[in-house]
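Chains A and B supply the protein sequences, listed in that same order.
The opening residue of the first sequence carries number 1 in my numbering; numbering runs sequentially from there.
The opening residue of the second sequence carries number 1001 in my numbering; numbering runs sequentially from there.
These are computed hints drawn from the structure, not numbers from a lab.
By construction, the Cβ of each residue, glycine as well, lies at the ideal position given by its N, Cα and C atoms.
Not close to chain A: a few residues of chain B, all C-beta gaps over 10 Å, as computed: (1) E1002; (2) R1034; (3) C1040; (4) H1100; (5) D1101; (6) L1107; (7) E1108.
Calculated lysine to aspartate or glutamate pairs in the EDC-like style (CA-CA distance at most 16 Å, straight line): (8) K1086(B) to D1052(B); (9) K1067(B) to E155(A); (10) K1086(B) to E88(A); (11) K1030(B) to E1004(B); (12) K1067(B) to E1035(B); (13) K1067(B) to D147(A); (14) K1086(B) to D1101(B); (15) K1067(B) to D1031(B); (16) K1030(B) to E155(A); (17) K1086(B) to D83(A); (18) K1086(B) to E82(A); (19) K1067(B) to D1039(B); (20) K1030(B) to E1002(B); (21) K1067(B) to D151(A).
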Amino acid sequence: MSFPPASDGMLPVGREEEPQGEARAPGRRRKAAARRKPELAGFAPGPRGPSLRERLGNRPEEVRAALARVIRALDAFGLGVEDQGNVEIVLAEVLNNVVEHALPQAPDGWLTLQLDLLPDRIAARVVDTGGPMPGLVVPPGQPQNLDVALDALPEGGFGWFLIRHLTCELEYVRTADGNELGFWIPRGAAL
Amino acid sequence: MEFESLRSNDTLRINVLTPRIDAACVIQFKDRMRELCADCPPRVILDLAQVDFLDSSGLGAVVTAMKHLGPGRRLELAGLTPKVAKVFRLTRMDTVFTIHDSADQALEPGSSAA
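Can you make the complete structure from the sequences, with help from the hints?
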């Protein structure tokens, strides 16, 4: 796996595990780590590869800001543009769904997102403190019937279709504290 | 949320000058589109060349705008960037709208999708 040359603080921590042509002084590395604010998206070495975490509250503006940080970090990591697009489409739908439907049922609710970058996929886990999915299941996300009159065209219901189309092994668990959703997005796939 | 609109004869061209149509701004988008199309000509071209990203709520808002125009007028789209085009393609909404490569191309004589 190759990483882009060092340029700013957004680069993945995980790259320090990779062979470096030019060793950096340990003191300088510690200083750089201390400067990196914990709420900023950046990668930390995880058990399965570089890992990225976000925690956000219940406003759509927070989803927008978190997506921007995630995509910036994935771009710095070197993820392909097509894969970045798939991640952005899926995460926008998943996170907005939590913010719009689950968190309003829980005052001061929050959600966390964890992304693990594996060689062939991006594994995601979204945990929130909100209300349950209706029926305790993930919506089927059927394609909408578009063969209808103009005034009957659907104005919603596309989100779960997009999520299901672009992800694999979507798993939902209702816990005592909220919800957990896991899935992965293949890398380099023509979806 | 910024828009620019240009009216000529039978066509209203609306340029969306904001990089995202998403859940954070979808209400403003619907409101502005309703205002801009309140008394518009029969053909409306929505230029999305400046829009980098559109989520399912943004997609729904574009459909809302088209339905609002009613049967006597029509909404055409132009300048879809890659992620926006993908959302339209995956949901098959690209079969519902007339989509032009660019607004300039849409305005060329003879390009009106009658």
